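There are 4 protein chains.
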Amino acid sequence: MSKGTVVLAYSGGLDTSCILVWLKEQGYDVVAYLANIGQSEDFEAAQKKAESLGAKKVFIEDLRAEFVEEFIWPSVQANAIYEDRYLLGTSIARPCIARRQVQIAKQEGAQYVSHGATGKGNDQIRFELTCYALYPEVKAPWSMDANLMHIRLFTNPDYKHFNRSINSNHAPSDLYLMTKNPDDSPNHPDVLEIEFNRGVPVRVTHLKDGRSEDTPLDIFSFLNEIGGKHGVGRIDIVENRFIGMKSRGIYETPGGTILYHAHLDIEAFTMDREVRRIKQGLGIKFSELIYNGFWYSPECEFVRHCISKSQENVEGKVQLSVFKGQVYILGRESPKSLYNEELVSMDVQGDYDPCDASGFIRVNAVRLREHCRLQGDLKK
Amino acid sequence: MSKGTVVLAYSGGLDTSCILVWLKEQGYDVVAYLANIGQSEDFEAAQKKAESLGAKKVFIEDLRAEFVEEFIWPSVQANAIYEDRYLLGTSIARPCIARRQVQIAKQEGAQYVSHGATGKGNDQIRFELTCYALYPEVKAPWSMDANLMHIRLFTNPDYKHFNRSINSNHAPSDLYLMTKNPDDSPNHPDVLEIEFNRGVPVRVTHLKDGRSEDTPLDIFSFLNEIGGKHGVGRIDIVENRFIGMKSRGIYETPGGTILYHAHLDIEAFTMDREVRRIKQGLGIKFSELIYNGFWYSPECEFVRHCISKSQENVEGKVQLSVFKGQVYILGRESPKSLYNEELVSMDVQGDYDPCDASGFIRVNAVRLREHCRLQGDLKK
Amino acid sequence: MSKGTVVLAYSGGLDTSCILVWLKEQGYDVVAYLANIGQSEDFEAAQKKAESLGAKKVFIEDLRAEFVEEFIWPSVQANAIYEDRYLLGTSIARPCIARRQVQIAKQEGAQYVSHGATGKGNDQIRFELTCYALYPEVKAPWSMDANLMHIRLFTNPDYKHFNRSINSNHAPSDLYLMTKNPDDSPNHPDVLEIEFNRGVPVRVTHLKDGRSEDTPLDIFSFLNEIGGKHGVGRIDIVENRFIGMKSRGIYETPGGTILYHAHLDIEAFTMDREVRRIKQGLGIKFSELIYNGFWYSPECEFVRHCISKSQENVEGKVQLSVFKGQVYILGRESPKSLYNEELVSMDVQGDYDPCDASGFIRVNAVRLREHCRLQGDLKK
Amino acid sequence: MSKGTVVLAYSGGLDTSCILVWLKEQGYDVVAYLANIGQSEDFEAAQKKAESLGAKKVFIEDLRAEFVEEFIWPSVQANAIYEDRYLLGTSIARPCIARRQVQIAKQEGAQYVSHGATGKGNDQIRFELTCYALYPEVKAPWSMDANLMHIRLFTNPDYKHFNRSINSNHAPSDLYLMTKNPDDSPNHPDVLEIEFNRGVPVRVTHLKDGRSEDTPLDIFSFLNEIGGKHGVGRIDIVENRFIGMKSRGIYETPGGTILYHAHLDIEAFTMDREVRRIKQGLGIKFSELIYNGFWYSPECEFVRHCISKSQENVEGKVQLSVFKGQVYILGRESPKSLYNEELVSMDVQGDYDPCDASGFIRVNAVRLREHCRLQGDLKK
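Chains A, B, C and D, in that order, are what the protein sequence lines are.
Counting from 1, one number per residue, gives the positions in the first sequence under full-length UniProt numbering.
Counting from 1, one number per residue, gives the positions in the second sequence under full-length UniProt numbering.
Counting from 1, one number per residue, gives the positions in the third sequence under full-length UniProt numbering.
Counting from 1, one number per residue, gives the positions in the fourth sequence under full-length UniProt numbering.
It is worth saying that the hints were derived from the structure and are not from the lab.
The reader is advised that the hints may include incorrect statements.
Any copy, or any two copies together, can satisfy a pair, since identical chains are not distinguished.
[Said to hold, decoys possible] Dumping the calculated DSBU-like pairs for lysine-lysine here, alpha-carbon to alpha-carbon at most 35 Å:
1. 139 with 48
2. 3 with 379
3. 309 with 379
4. 317 with 229
5. 139 with 180
6. 57 with 379
7. 379 with 49
8. 106 with 336
9. 3 with 180
10. 3 with 317
11. 317 with 48
12. 106 with 309
13. 208 with 48
14. 180 with 48
15. 49 with 317
16. 229 with 180
17. 48 with 229
18. 56 with 180
19. 208 with 336
20. 208 with 139
21. 336 with 379
Predicted, not measured: the structure shown is a model, and the values here were computed from it.
Given these sequences and hints, build the entire structure.
This is how it looks when you write it as structure tokens:
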């Protein structure tokens with residue numbers, strides 16, 4: 001008799017294949033689920049493999065559009081970046097994948113979900129927190145089987161090669177899949193214009209060849225293509241995992257890096273200084289929440305709402321050049337610009353009286369002078 | 001009879017020459033003061049000019065070493081960056097320059113200080129707040145004379161060319177003084193190793209040619225040279241001035257950009273996650289204070305102290321490559337690393353029990369499940 | 001010929017009467033405007049006085065309901081408190097009063113507004129910032145006339161008696177207008193139940209005598225009455241003005257103090273911990289903005305929106321007792337409570353596995369043990 | 001053969017007596033440890049009981065002085081308060097108690113520690129995090145024995161009576177041990193003067209009867225006595241536990257409440273506004289850390305250091321009255337006051353030019369007017 005049904009996030013790789021078999025052996029019915037979030041993978045072959053290993057059912061789900069619109073776009077609005085460097089690409093994939101998995105579990109009457117993200121990492125947390133948040137009664141079995149663990153690690157070049165040798169080894173350039181080595185990238189830049197509305201890109205145009213994209217998925221894919229061609233968005237960092245360890249992370253985020261710079265720029269152009277300051281703090285909080293797996297949490301919903309509110313006037317076009325691993329902002333324009341040429345100009349006095357600046361400075365100095373006075377008094 | 005003595009921050013340029021003459025005409029004795037903070041300038045010629053225009057005395061002060069040690073180094077420790085992009089180079093020069101000016105004023109018995117930073121900018125504020133903070137009784141006269149203003153602006157390419165044309169004009173590449181155009185920069189990277197102690201660089205070594213520098217000024221100059229050669233640290237941004245206007249800023253910070261990346265990296269390697277999080281908030285505060293001219297303020301002293309405290313274990317070496325406008329971190333090592341290879345490794349279980357992660361996740365999910373439960377209850 | 005029309009915020013007192021006369025003498029037409037925000041004042045007499053002094057027109061505006069609903073209620077939602085102690089009563093009155101003044105100025109075609117809040121205080125700032133924010137072209141003339149100033153100060157007991165003698169004098173008990181001295185207050189408490197919806201009170205009931213109020217103005221007036229009767233909400237503090245001085249403030253906020261405690265309680269009962277933490281930070285920001293006069297600013301609008309969003313589930317009833325200057329929370333109930341009796345109970349294990357706590361603790365300790373390990377290593 | 005030695009935090013009560021017996025039965029040698037942090041308890045009787053139950057050794061440790069100096073005083077400096085209401089009394093006792101327990105364990109060669117704080121509470125976390133932080137190799141066994149749990153709960157009035165009945169029952173007044181019911185408290189206030197140095201109390205004087213205390217323990221005990229006599233510091237709250245549940249807490253903190261108000265006051269009088277603002281944020285962080293059990297953590301050490309630094313000038317005397325559950329600040333004085341009577345006075349112009357305020361306001365309004373301009377433009 002079956003112990004119940006498990007929906008397994010299946011990758012087609014060795015790890016999750018082993019888990020599939022192990023779950024069957026334990027007496028579970030297994031529904032395999034493959035999420036397409038844009039990775040290059042032979043989904044048909046994976047489906048066949050899952051079936052041949054005994055999956056009762058196989059779901060292959062194209063989540064690319066919803067991943068871009070519902071997960072990447074809010075991160076762009078937030079200028080989400082973890083510990084000043086990591087653009088959180090994999091972190092936001094987990095809740096997207098797990099959400100669908102929960103939907104399938106509910107639909108198939110499965111009481112269990114499973115995944116291959118075992119061990120000491122963040123992905124287990126992101127996966128399981130999402131499942132608990134969306135389906136509180138669910139359980140998540142996973143194996144402690146030593147063999148299985150070993151196989152997994154042995155085949156995982158990321159951990160094998162990099163975490164071990166953090167002090168001595170530099171990352172080999174053939175590690176990267178999406179980005180060219182800047183050494184080998186073109187000797188001429190591509191110049192793009194990205195148009196934003198409410199803080200999300202609505203169109204990208206290649207200013208030379210005129211190619212233009214305007215659906216979220218096409219925009220993001222195009223930016224990945226251009227960024228990848230020029231080697232944009234590679235980082236090699238030490239990061240702090242939620243479980244309190246430091247680990248080395250090597251990431252490539254070509255399209256996300258372009259969007260990060262472009263969005264920062266249009267936001268600075270259209271958003272009030274003090275709103276920006278408050279929103280910056282919310283964006284840092286948002287980044288920590290995403291990294292730690294709390295996409296589906298009351299606080300993350302709250303922060304997303306607030307950040308989204310801040311983006312109402314973040315609208316306009318940014319021109320930028322992509323070249324040798326770098327993104328250069330060239331200019332920007334917006335119908336909602338708060339940049340006032342006349343106000344800032346040195347040869348138009350306009351409404352601004354230089355005497356006001358003196359008063360402004362002297363009032364700001366009241367505190368400083370008092371502090372100085374006290375220091376002087378104390379020395380007497 | 002003299003109205004009193006003014007110490008004028010003199011640049012040798014047209015603006016401050018006009019101010020010098022105007023102050024003399026108004027009846028002041030003028031002491032001209034030129035600060036050398038590393039800019040390329042003919043100080044001897046400037047001295048002669050000041051004398052010929054009637055300066056009673058001329059001080060030429062080499063502040064380069066103290067600028068690096070007392071102003072740049074604390075900014076490196078703080079990862080100081082204004083509005084996520086601007087590394088604050090000019091902002092930290094003002095308090096350094098004004099501090100010496102106040103010292104000269106006190107020494108010369110001058111009741112007045114003056115400067116050329118008139119108008120709508122941040123520099124007037126930074127200059128005057130510093131003076132008030134260090135010499136509360138001082139006064140700072142400056143001219144509203146329309147002609148003078150006009151001359152100044154007419155000769156200031158920065159404002160003339162860039163603020164006006166923010167939406168349409170891209171910055172011409174000959175604007176930059178310290179950095180090569182990345183297009184024309186070398187086709188091979190330079191690889192450096194920077195050694196830090198207590199969060200400040202104590203040595204830089206060129207890993208190929210073996211050149212090594214170990215005084216603050218030499219280290220910073222060398223990094224400026226290498227960064228400049230590879231076109232590192234150019235930005236074209238819209239920023240929010242303290243007086244509430246948005247303005248366009250075009251900056252180049254070659255050495256500072258290299259240090260920013262290197263310091264972020266060694267800090268992530270040696271600093272506890274939660275200390276880092278608190279310190280990040282202090283660094284953002286510090287950056288705003290510097291930008292707004294509050295280097296000499298009780299809160300900035302407090303924040304500097306706290307940040308400095310956080311750097312006690314920020315020690316070690318970072319290897320990096322500089323190429324085509326980009327800084328790539330290659331690796332790092334430290335006697336105070338908090339990276340624990342064994343702990344993070346997937347094939348050593350060590351002290352870490354995977355069951356703990358499940359408990360950790362389930363306890364973190366308590367809140368999320370309650371939230372979900374309430375949402376469900378409310379829908380009934 | 002008239003210099004133009006001024007709308008003067010007129011109080012009927014000596015100061016603003018002098019300003020009215022002075023403005024007439026300067027050649028302005030003066031429209032007098034009296035705002036009723038609940039202070040006890042003879043508005044009819046004030047109107048006659050303004051007319052007799054030459055006001056072209058007199059507006060007496062009852063702003064009590066909008067003051068409670070649009071200004072006090074959002075402050076209650078925010079738990080707004082400045083520097084941990086001051087509940088901001090007068091601070092939120094200014095934007096309410098100035099907003100109507102701007103409306104009258106626009107309606108009457110007045111280019112000028114004026115007020116009696118001269119000098120070194122916060123109220124001038126709150127008043128003028130509101131006017132500039134809502135009517136950017138407006139001007140605000142006020143007199144520097146020494147006599148006028150002197151008269152004003154001479155008649156202002158608040159400043160006269162208290163700011164001078166901050167170190168030695170205790171506030172005399174007859175200073176307070178709204179609250180009884182706790183010494184003389186009743187020897188038996190009043191017990192109230194306040195019902196909240198979306199974070200604002202919608203009903204208050206006296207649990208003994210059954211009196212119940214349910215409009216914002218009536219609720220707030222009743223709470224002022226009960227709080228006043230029991231001497232609730234008196235404070236004697238030193239606060240930091242926006243212009244950088246410390247000043248002494250003596251305030252009484254009977255109804256606001258009751259609402260502060262009641263709202264804190266119902267919020268804690270219904271709001272997720274982490275949402276609360278983020279919202280607490282926004283509330284502190286909100287309080288500073290209000291204090292400094294930025295009610296009408298993009299950042300304050302943004303923060304108000306976010307805080308209001310956080311209040312969606314802040315609903316339920318709080319029972320409290322008011323006695324001898326103190327508010328005691330007795331209990332609370334809510335249909336949206338996140339308090340789960342079964343979950344927290346010690347004799348129901350339910351869904352919560354004590355082993356999870358051990359895992360949770362051990363994972364939280366990973367960082368701490370690493371820190372300890374490093375400290376030990378460094379000592380070797 | 002012994003499984004090893006356990007140091008048990010023993011209270012003399014039923015729970016820890018059961019644990020002692022259970023540990024013996026499991027084969028451990030048990031060292032009983034009783035910490036005296038000021039609770040009223042018959043330590044001699046407890047010692048005898050532990051011995052009679054088979055403890056190999058019994059330590060009775062008087063931690064009162066170090067508890068006040070090393071744990072309470074830093075909390076006073078921080079104005080530590082959790083979720084705006086709870087003064088953290090029990091939270092700071094745990095690390096104090098556990099620290100000595102670890103010292104005893106090391107000295108006695110014990111590999112294990114144990115305690116009675118089982119279940120769903122914060123105290124288990126505070127206890128165990130402290131032990132792991134100070135003695136990473138230690139283990140902490142505790143029982144899941146259902147009987148034991150049941151007994152514990154049955155005899156624990158706190159949980160029994162209050163957590164169950166949160167919505168309907170008001171706390172009975174005989175629950176409180178340290179504070180009189182304000183109803184029954186004296187009809188005349190006691191007036192105290194507390195002197196601070198570097199943010200901690202160094203003397204308390206009863207202004208009428210002249211009694212004066214000047215050691216930390218005596219000061220705190222005296223304040224507990226006076227506060228208790230007048231019913232100060234009772235709260236009945238719902239709080240958010242670290243493990244994500246809401247629970248009801250009923251606390252009494254008489255001396256701590258007096259110190260909280262007095263310290264807030266002297267701090268406001270002597271600390272720069274902006275330093276205070278930054279320090280307020282650190283204090284909130286500190287409170288969360290303490291509540292969650294992270295007293296011994298790198299971030300808490302860092303924050304304590306920063307807060308302590310902020311207190312350098314927090315010096316002076318506060319006069320206050322304690323009456324019917326309330327603390328009223330009457331006045332304050334300090335050699336390091338930043339309150340400047342002349343500066344703030346309305347009839348001394350002194351150094352402050354009212355025109356400066358107008359400039360200050362107009363510059364602050366630049367942003368607001370731009371925002372208004374944009375809103376207007378957008379509506380066209």
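Structure-based check of all given hints:
1. 139 with 48: within (27 Å within a copy, 49 Å between copies)
2. 3 with 379: Answer is between: at 31 Å across copies they meet the 35 Å cutoff, but 79 Å inside does not.
3. 309 with 379: Cα proximity of residue 309 and residue 379: across copies only (19 Å, versus 51 Å in one copy).
4. 317 with 229: both (23 Å within a copy, 31 Å between copies)
5. 139 with 180: Answer is neither: 41 Å inside a copy and 50 Å across each miss the 35 Å cutoff.
6. 57 with 379: between (81 Å within a copy, 32 Å between copies)
7. 379 with 49: Classified as neither: same-chain Cα gap 81 Å, cross-chain 41 Å, threshold 35 Å.
8. 106 with 336: between (45 Å within a copy, 26 Å between copies)
9. 3 with 180: Neither way: residue 3 and residue 180 sit 48 Å apart in one copy and 60 Å across, limit 35 Å.
10. 3 with 317: Classified as neither: same-chain Cα gap 56 Å, cross-chain 46 Å, threshold 35 Å.
11. 317 with 48: neither (46 Å within a copy, 50 Å between copies)
12. 106 with 309: both (32 Å within a copy, 30 Å between copies)
13. 208 with 48: neither (44 Å within a copy, 52 Å between copies)
14. 180 with 48: Classified as within: same-chain Cα gap 32 Å, cross-chain 55 Å, threshold 35 Å.
15. 49 with 317: neither (47 Å within a copy, 47 Å between copies)
16. 229 with 180: both (6 Å within a copy, 23 Å between copies)
17. 48 with 229: within (33 Å within a copy, 55 Å between copies)
18. 56 with 180: neither (41 Å within a copy, 62 Å between copies)
19. 208 with 336: within (26 Å within a copy, 50 Å between copies)
20. 208 with 139: Close neither inside one copy (53 Å) nor across copies (51 Å); limit 35 Å.
21. 336 with 379: Answer is between: at 11 Å across copies they meet the 35 Å cutoff, but 53 Å inside does not.
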